[in-house]
Each structure stands twice: as structure tokens, then as C-alpha cells.
Amino acid sequence: MTGDCSLVLRTPSDLLAALPFLLGYHPRDDLALVGLRGRELDFGACLDLPPPERCAETAREVAGAVARQRPDAVVIVGYGPPRRVTPVVLSVAEALRAAGVRIDDVLRVDDGRWWSYLCEDPACCPPQGLPCPPPDSVIAATATYLGQVALPSRKHLVDQVAAVRGPARRAMAAATERARTRFPELLDDARRIRRAGRLAIRDAEKRYRSGAALTDDEVAWLGSLLVDRAVEDYALDRTGPEEWRVRLWTDVVRRVETAFVAAPACLLGFAAWRLGRGALARVAVDRALGAEPGHQLARMLFEVLTCGIPPTLVPGK
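FYI, the numbering for the sequence shown is 1 to 317, going by the UniProt record's numbering.
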């Protein structure tokens, strides 16, 4: 879930124009939920449309996560054909009402048009639906001006944290081997590992704060040091809601070898979550769990995101 879009909404069309910017990508075959504070977007969540046999289970999970956010109201949006969307959105609406959450609207979007399940006035909501807002709508232009980005699909978001390939991957493999030859000299003293880790983290922060980047050898060395739990904790404790931290950990997670992915992916997920970029946080944590399913921090962040815990609960640094 994320709350990174300060846009005032007046109509369902406004909401549909803003939702891709809130989520970070354009939904397709998805279930999206938007929490409202007055007429402002408070948070958004998006997940794949579940199969029919999982509708009830999904509805309960979603209702629990949304209720913890305590929104004034929620809008449910299903993307896809009616046979797939209708059972899901109606089950979620029923579960949310049972949890005491007010439903502002329930919408379906498909093939450039949208429909409301709650409006029965054909003058307002005709049977053929209403056209979705154009890509250059006022809401979209405003969101872009505010620095929001809506990628074409979730796959494009996943690709942003995917491993580099080709010559860049071969260069990192060689750099990792060089890092391996350096690491044994620290193994006889955990304090030396942690001192080296703190130094590498501070240097990386300084580099990316200024707009520069790490070399392959520096990335490989940082990745190997982050395997130490104390070094990972040190980096986590320093991670605040700054955009340059997202750039730092995105760069590292894309370049390190698979064995070293989990820690920087978690740090990317935490930085993105603190910035309110929930969709990016989710794909980063998924990458961490894919590389190391038992990674403790990754599992904790997965629970945080699943439960819809807002980043406002973390004290500012």
C-alpha cells in the first residue's frame, strides 16, 4: 500500500486517472483498492485478480488489511471482464462492510471504459459504460508535474529491480570473485567485518546522495559485507525516505550476484515503503524472497506490506 499522490478527486473519472500514479503502474487484470481521506487519496493497494475459488479468502485478507488503515471510505476497482471482476469486487465489498469500512464506490474498468456497481441511474452510469480519462487528462498532467510516474504495467516495475545482464553481469561476476578473495582476511574478527561494512555503507550513501554511483568492485564488496546481519541492520537503521536511497539500493540489487540479493533488496523495499511507494516495495521484497526464502528481514517486510502497516508509524530520522 502506498500514499504518495496528493491529488484532490471530484469524480470517479478523476480517481481512475489518478490511480495508476498512486500505484506506480497501469493495472491490468487486477483488483485495486483506494482509501480516501475526505476527497483525497490516502493509500492504494493492487493485487492480481484471484481465481473464483479464492474469492472469499482474498476478500477476508483484503478487508483485514484495509480496515487497519482506518480510511474514511474505500473505492474498489476491478480491471478486466465482468466474469472475472464481478465475483471478486462484490466479495471484497461485502467483507469490507462487515469490517465496518464504508464503501464509496465499486467500479469495473475494461477496454477503455468503466462501470459502477453501485449507481443504477442510466443517465449517470449508462449500460455501455463511460469512457476512461485520456492519458493527457488534467489529473494525469498534475500527477506528472508532482513527480509521480505510472509505468505501463507491473512487469515494467519488476524489470526495474531485475538483474543486469550481458557484459554488465559478466563484469559483476568477475568483481564478485575479486571480493571473495578479500573477504577471508576479515573472517577472524567480526568487528573488522562490521567496521568495513559501516565504512562501505557510508561511502555508498555519500556517493548516491551526490548523484554518483559505485564501481563494480565497490558494489560486489558492499554486497558481500551486507551478508553480515549487523551490517544489514546498520544500513536499515540509516534508511530514511529519501529518493536517492531508492536509486542506491536499486543499483546494488540489480548488480550483485544472486547469493547477495536479499539484503539490498530488503533495503530497497524499506526505502520505497518509507517513501510511500508500496508497489516498488512489494516487488523488491518479492525479489529478496525469491533469492532467499528464509531471509528474516524479507519475511518481516512481507508481513508489513501484507498487513497494510503505514510508513507513518516509523519515527522520522
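For the record, the hints were derived by calculation from the structure and aren't laboratory data. As the structure is a prediction and not an experimental result, all values here were calculated from the model. There's no promise every hint is true.
[Claimed, not checked] Straight-line distance between alpha carbons at most 25 Å, and here's what the computed SDA-like set of lysine to any residue pairs gives:
#1 Lys206 with Arg238
#2 Lys155 with His26
#3 Lys155 with Arg238
#4 Lys206 with Arg274
#5 Lys155 with Gly308
#6 Lys155 with Arg165
#7 Lys206 with Ala168
#8 Lys206 with Asp188
#9 Lys155 with Ala65
#10 Lys155 with Arg68
#11 Lys155 with Arg169
#12 Lys155 with Asp30
#13 Lys155 with Pro81
#14 Lys155 with Leu289
#15 Lys155 with Glu303
#16 Lys155 with Arg299
#17 Lys155 with Arg84
#18 Lys155 with Asp136
#19 Lys155 with Gly80
#20 Lys206 with Phe183
#21 Lys206 with Pro81
#22 Lys206 with Ala196
#23 Lys206 with Lys155
#24 Lys206 with Asp251
#25 Lys155 with Ala174
#26 Lys155 with Asp228
[Claimed, not checked] Across the chosen pairs, the derived CB separations fall in these ranges:
#27 Arg60 with Ala171: 42 to 50 Å
#28 Lys206 with Arg180: 22 to 30 Å
#29 Thr144 with Pro52: 49 to 57 Å
#30 Ala98 with Pro52: 17 to 25 Å
#31 Leu187 with Gln296: 17 to 25 Å
#32 Thr181 with Arg70: 27 to 35 Å
#33 Pro82 with Ser137: 55 to 63 Å
Where is the CB? At the ideal position from N, CA and C, for every residue including glycine.
A quick look at each hint next to the structure:
At most 25 Å may separate the alpha-carbon atoms for a hinted pair to count; lysine 206 and arginine 238 meet this at roughly 12 Å. Of the supplied pair hints, the one linking lysine 155 and histidine 26 holds, its CA atoms being roughly 10 Å apart against a limit of 25 Å. Distance restraint check for lysine 155 and arginine 238: the Cα-Cα separation of roughly 30 Å exceeds the 25 Å cut-off, and the hinted pair is therefore not satisfied. Taking the CA atoms of lysine 206 and arginine 274, the gap is about 20 Å. The hint holds against a cut of 25 Å.
Straight-line distance between C-alpha atoms of lysine 155 and glycine 308 comes to about 22 Å, which keeps the hinted pair within the 25 Å bound. Restraint check: the Cα-Cα separation between lysine 155 and arginine 165 comes to about 17 Å, which is no more than 25 Å; the hinted pair holds. Between lysine 206 and alanine 168, the direct Cα distance comes to roughly 23 Å. Compliance with the 25 Å bound is thereby established for this hinted pair. Pair hint lysine 206 plus aspartate 188 does not hold up; C-alpha atoms about 29 Å apart against a cutoff of 25 Å.
Restraint check for lysine 155 and alanine 65: satisfied, since their Cα atoms lie roughly 24 Å apart, inside the 25 Å limit. With a C-alpha separation of about 28 Å, the suggested pairing of lysine 155 with arginine 68 is violated against the 25 Å cut-off. Taking the CA atoms of lysine 155 and arginine 169, the gap is near 21 Å; set against the 25 Å cutoff, the hint holds. Annotation: proposed proximity of lysine 155 to aspartate 30 holds, straight-line Cα distance about 13 Å (limit 25 Å).
A C-alpha spacing of about 21 Å is found between lysine 155 and proline 81, which places the hinted pair at or below 25 Å, so the restraint holds. At roughly 17 Å between alpha-carbon atoms, lysine 155 and leucine 289 fall within 25 Å of each other, so this suggested pair holds. Taking the CA atoms of lysine 155 and glutamate 303, the gap is near 22 Å; set against the 25 Å cutoff, the hint holds. Annotation: proposed proximity of lysine 155 to arginine 299 holds, straight-line Cα distance about 22 Å (limit 25 Å).
In summary, the hint linking lysine 155 to arginine 84 is supported, as the alpha carbons are separated by about 21 Å, within the 25 Å threshold. A distance of roughly 23 Å separates the Cα atoms of lysine 155 and aspartate 136; the hinted pair therefore holds under the 25 Å criterion. Annotation: proposed proximity of lysine 155 to glycine 80 holds, straight-line Cα distance about 17 Å (limit 25 Å). Straight-line distance between C-alpha atoms of lysine 206 and phenylalanine 183 comes to about 23 Å, which keeps the hinted pair within the 25 Å bound.
Taking the CA atoms of lysine 206 and proline 81, the gap is about 49 Å. The hint is violated against a cut of 25 Å. Distance restraint check for lysine 206 and alanine 196: the Cα-Cα separation of roughly 15 Å lies within the 25 Å cut-off, and the hinted pair is therefore satisfied. Distance check on the hinted pair: lysine 206 and lysine 155 sit about 31 Å apart at the alpha-carbon level, beyond 25 Å; violated. The hinted pair formed by lysine 206 and aspartate 251 meets the criterion: a straight-line CA distance of about 14 Å does not exceed 25 Å.
Taking the CA atoms of lysine 155 and alanine 174, the gap is near 29 Å; set against the 25 Å cutoff, the hint is violated. Proposed proximity of lysine 155 and aspartate 228 is contradicted: the alpha carbons are some 31 Å apart, above 25 Å. For arginine 60 paired with alanine 171, a C-beta distance near 48 Å keeps the hint of 42 to 50 Å intact. For the pair lysine 206 and arginine 180, the beta carbons lie near 25 Å from each other, so the given range of 22 to 30 Å is met.
Between threonine 144 and proline 52 the beta carbon distance is about 37 Å. The supplied range of 49 to 57 Å is therefore violated. A hinted range of 17 to 25 Å for the beta carbons of alanine 98 and proline 52 is consistent with their spacing of about 20 Å. The given range of 17 to 25 Å is respected by leucine 187 and glutamine 296, whose C-beta atoms sit roughly 22 Å from each other. Hint check: threonine 181 to arginine 70, Cβ distance near 53 Å, so the stated range 27 to 35 Å is violated.
Checking the proposed 55 to 63 Å range against proline 82 and serine 137 shows it is violated: the Cβ atoms sit about 25 Å from each other.
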